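Please construct the entire structure, taking both the sequences and the accompanying hints into account.
There are 2 protein chains.
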Amino acid sequence: ETLLPASAQTTDPLSSWNEGAAKKAILDFVRVTTDRASPSYVAPEERIAAFDQDGTLWVEHPIYTQVVYCLERVPTVVAARPELKGVEPFKTVLSGNREAIAKLSLPDLEKILAATLTGMSVEDFEADVKKWLATARHPRWKRPYTELTYQPMLEVLRFLRDNGYKTYIVTGGGQDFVRVYAEQVYGIPPEQVVGSVGGTTFGYTKDGKPFLTKEPKLLLNDDHAGKPEGIHLMIGRRPHAAFGNSVGDRQMLEWTAAGTGTRLTMLVLHDDAAREYAYGPATGLLDGKIGTFTQALYDEASKNNWPVISMKNDWKRIFPFD
Amino acid sequence: ETLLPASAQTTDPLSSWNEGAAKKAILDFVRVTTDRASPSYVAPEERIAAFDQDGTLWVEHPIYTQVVYCLERVPTVVAARPELKGVEPFKTVLSGNREAIAKLSLPDLEKILAATLTGMSVEDFEADVKKWLATARHPRWKRPYTELTYQPMLEVLRFLRDNGYKTYIVTGGGQDFVRVYAEQVYGIPPEQVVGSVGGTTFGYTKDGKPFLTKEPKLLLNDDHAGKPEGIHLMIGRRPHAAFGNSVGDRQMLEWTAAGTGTRLTMLVLHDDAAREYAYGPATGLLDGKIGTFTQALYDEASKNNWPVISMKNDWKRIFPFD
Ligand SMILES: [Ca+2]
Ligand SMILES: [Ca+2]
Numbered sequence: 027e028t029l030l031p032a033s034a035q036t037t038d039p040l041s042s043w044n045e046g047a048a049k050k051a052i053l054d055f056v057r058v059t060t061d062r063a064s065p066s067y068v069a070p071e072e073r074i075a076a077f078d079q080d081g082t083l084w085v086e087h088p089i090y091t092q093v094v095y096c097l098e099r100v101p102t103v104v105a106a107r108p109e110l111k112g113v114e115p116f117k118t119v120l121s122g123n124r125e126a127i128a129k130l131s132l133p134d135l136e137k138i139l140a141a142t143l144t145g146m147s148v149e150d151f152e153a154d155v156k157k158w159l160a161t162a163r164h165p166r167w168k169r170p171y172t173e174l175t176y177q178p179m180l181e182v183l184r185f186l187r188d189n190g191y192k193t194y195i196v197t198g199g200g201q202d203f204v205r206v207y208a209e210q211v212y213g214i215p216p217e218q219v220v221g222s223v224g225g226t227t228f229g230y231t232k233d234g235k236p237f238l239t240k241e242p243k244l245l246l247n248d249d250h251a252g253k254p255e256g257i258h259l260m261i262g263r264r265p266h267a268a269f270g271n272s273v274g275d276r277q278m279l280e281w282t283a284a285g286t287g288t289r290l291t292m293l294v295l296h297d298d299a300a301r302e303y304a305y306g307p308a309t310g311l312l313d314g315k316i317g318t319f320t321q322a323l324y325d326e327a328s329k330n331n332w333p334v335i336s337m338k339n340d341w342k343r344i345f346p347f348d
Numbered sequence: 027e028t029l030l031p032a033s034a035q036t037t038d039p040l041s042s043w044n045e046g047a048a049k050k051a052i053l054d055f056v057r058v059t060t061d062r063a064s065p066s067y068v069a070p071e072e073r074i075a076a077f078d079q080d081g082t083l084w085v086e087h088p089i090y091t092q093v094v095y096c097l098e099r100v101p102t103v104v105a106a107r108p109e110l111k112g113v114e115p116f117k118t119v120l121s122g123n124r125e126a127i128a129k130l131s132l133p134d135l136e137k138i139l140a141a142t143l144t145g146m147s148v149e150d151f152e153a154d155v156k157k158w159l160a161t162a163r164h165p166r167w168k169r170p171y172t173e174l175t176y177q178p179m180l181e182v183l184r185f186l187r188d189n190g191y192k193t194y195i196v197t198g199g200g201q202d203f204v205r206v207y208a209e210q211v212y213g214i215p216p217e218q219v220v221g222s223v224g225g226t227t228f229g230y231t232k233d234g235k236p237f238l239t240k241e242p243k244l245l246l247n248d249d250h251a252g253k254p255e256g257i258h259l260m261i262g263r264r265p266h267a268a269f270g271n272s273v274g275d276r277q278m279l280e281w282t283a284a285g286t287g288t289r290l291t292m293l294v295l296h297d298d299a300a301r302e303y304a305y306g307p308a309t310g311l312l313d314g315k316i317g318t319f320t321q322a323l324y325d326e327a328s329k330n331n332w333p334v335i336s337m338k339n340d341w342k343r344i345f346p347f348d
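For the protein sequence lines, the chains are A and B, in the order given. All the letters of the first sequence, read from the start, carry residue numbers 27 to 348 under UniProt numbering. All the letters of the second sequence, read from the start, carry residue numbers 27 to 348 under UniProt numbering.
Careful, some of the hints might be misleading.
Since copy identity is lost for identical chains, a pair holds within one copy or between any two.
[As the list claims (entries may be wrong)] Mimicking BS3-like on lysine-lysine, the simulated pairs with C-alpha atoms at most 25 Å apart in a straight line are:
hint	residue 1	residue 2
1	Lys-156	Lys-50
2	Lys-157	Lys-168
3	Lys-117	Lys-338
4	Lys-329	Lys-232
5	Lys-235	Lys-156
6	Lys-315	Lys-117
In short, the hints are calculated from the structure, not lab data. Keep in mind it's a predicted model, so treat the numbers as computed, not measured.
Structure below.
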């Protein structure tokens with residue numbers, strides 16, 4: 027017994043969480059699903075936990091990180107395809123007019139995503155994202171985007187994994203984009219990243235080397251109903267825990283909660299403008315396009331006893347560097 | 027040292043394999059990729075091995091197991107949709123005329139697959155396949171199809187896993203079909219089954235319970251070029267080992283072999299009519315539609331030093347029940 031350090035018994039796996047209903051829900055869930063004597067016991071191979079990324083694992087304001095990447099990649103794309111220079115929406119992006127860029131329509135944004143995320147080999151794309159992540163900085167914290175992860179959620183990921191859960195990212199963002207850094211940043215390997223994803227085409231270089239080209243053909247829009255569809259496609263098991271922060275996660279949480287036994291379904295509410303951001307419009311917070319958490323979703327969570335995580339009240343620290 | 031049984035040192039992980047180049051290739055590959063001192067060492071998280079299923083892990087003659095399932099499911103489908111009764115190709119299948127059924131065209135077969143593999147919830151499909159597998163028997167061995175796995179390949183799966191490899195099935199067959207039994211039969215969990223796969227649609231029952239319906243919309247035809255494309259989609263890493271048995275595996279093996287360091291790419295040649303089947307047409311064996319191994323593929327394997335496994339010469343036993 028003396029070989030076991032006392033700290034192993036007393037260390038809090040969720041030390042960045044304040045005591046409260048949210049923290050208790052996570053601790054209780056892991057206890058009842060991993061205790062063989064519990065009626066809610068879950069066999070190790072069935073332990074799947076799904077995490078939305080933007081706004082759940084890392085900062086998504088003022089704009090999704092991947093969209094920043096795409097916008098900043100436009101000049102390179104236009105240099106290679108000069109015919110796009112005078113064409114919208116590329117013209118607006120090149121103008122640097124932030125107000126006009128912020129007003130781009132969804133179809134315009136999709137044109138930018140297609141032009142910047144496809145047409146290259148999967149290796150070239152990975153290398154380019156890696157390079158960009160190394161130098162890009164968030165406008166508010168002046169730090170790499172990959173440092174803007176939430177310390178309390180990193181603790182949840184680790185705590186679940188330490189208890190035999192396979193942790194998955196299930197994101198509306200691009201699967202190939204998130205895979206570039208998920209292993210290093212979250213300890214989540216590429217094969218456990220489920221995201222919006224397009225097809226690739228297999229081909230050969232002139233000297234016969236095989237390669238895959240990223241195509242502008244969407245196979246899965248991994249948001250809203252696409253999240254449970256993506257979970258079935260990529261995992262083939264219903265998660266026992268799911269974490270999200272917006273209306274895009276509603277169906278994933280419903281699908282998770284509808285399983286038998288004890289399930290954990292939680293939503294992060296951004297109600298901390300001082301330390302991060304505050305937006306809803308649930309509970310009277312600011313309304314907006316990025317990471318919308320509607321009052322209807324909040325009411326659905328209340329009705330179904332899905333614990334809502336208050337960033338302000340439940341989290342002692344926000345970032346690893348705090 | 028006395029605590030370690032002598033058998034642990036001397037047990038042959040590939041005891042159903044005869045000594046020879048094929049067995050040696052597998053043993054050498056695992057040795058050099060797991061020895062930290064080796065220049066070919068592969069980090070544990072990168073240890074991915076991909077296995078074709080039909081003809082590589084289990085019997086595919088005289089007809090793919092899943093096609094048998096689909097054909098036998100036609101009467102149930104027609105009972106629910108009587109308008110199909112007089113319509114081809116359902117009429118031919120219902121006639122029971124084996125010769126006519128064997129001559130069905132690929133578009134006809136696709137109609138049967140669409141009618142029998144889609145339109146139900148993912149749970150109903152899983153339950154139906156399970157039920158079918160419990161009673162269906164192979165015409166030659168009069169055993170469940172799930173018993174007709176190759177003992178030497180089960181040993182390779184286990185040996186690779188014992189050495190830190192994640193084993194994946196990468197099959198032209200249906201992803202949802204193979205997932206039903208892969209964990210029990212191969213020790214491969216659903217999330218490590220990559221196959222041909224269609225979309226699903228999320229919806230709600232009348233009483234608000236969410237469910238997913240299988241749709242006749244193909245997302246991935248996981249054969250030929252679709253295999254490396256499927257590997258990228260579902261795994262996001264290049265395998266270090268890949269096993270196949272037909273022209274449908276060519277691109278997967280090329281993609282695997284094109285990676286850096288030591289890669290293992292092997293093909294099973296069915297040259298044992300006495301214990302299983304003999305077909306090619308490589309090396310002058312019988313030509314046919316199921317599991318075609320062309321001479322061109324054989325020559326490509328020779329040229330690139332991909333070891334070809336001779337079922338007749340390399341395998342001591344074929345089945346676990348032998
Ligand atoms: Ca989100
Ligand atoms: Ca095959």
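Inset, instruction - Please work out whether the CA atoms of Lys-156 and Lys-50 approach to 25 Å or closer within one copy, between two copies, in both situations, or in neither? - result: Neither: 37 Å inside a copy, 39 Å across copies.
Legend entry - Intra/inter-copy verdict for Lys-329 and Lys-232 if alpha-carbon distance must be at most 25 Å: between (60 Å within a copy, 19 Å between copies)
Legend entry - Homo-oligomer pair classification [Lys-168, Lys-157; C-alpha up to 25 Å]: Close inside one copy (17 Å), not across copies (58 Å); limit 25 Å.
Inset, instruction - Go through the copies and call it for Lys-315 and Lys-117: within, between, both or neither, with a Cα cutoff of 25 Å. - result: Within. Shortest intra-copy distance 23 Å satisfies the 25 Å Cα cut-off; inter-copy 54 Å does not.
Inset, instruction - Could you place Lys-235 and Lys-156 in one of the four classes (within, between, both, neither) given a Cα distance threshold of 25 Å? - result: Within one copy, since 23 Å is at most 25 Å while 42 Å is not.
Inset, instruction - Measure nothing new, just compare the shortest in-copy and cross-copy C-alpha distances for Lys-117 and Lys-338 to 25 Å and report within, between, both or neither. - result: neither (40 Å within a copy, 66 Å between copies)
Violated hints, in rising order: 1 and 3; the structure is consistent with all others.
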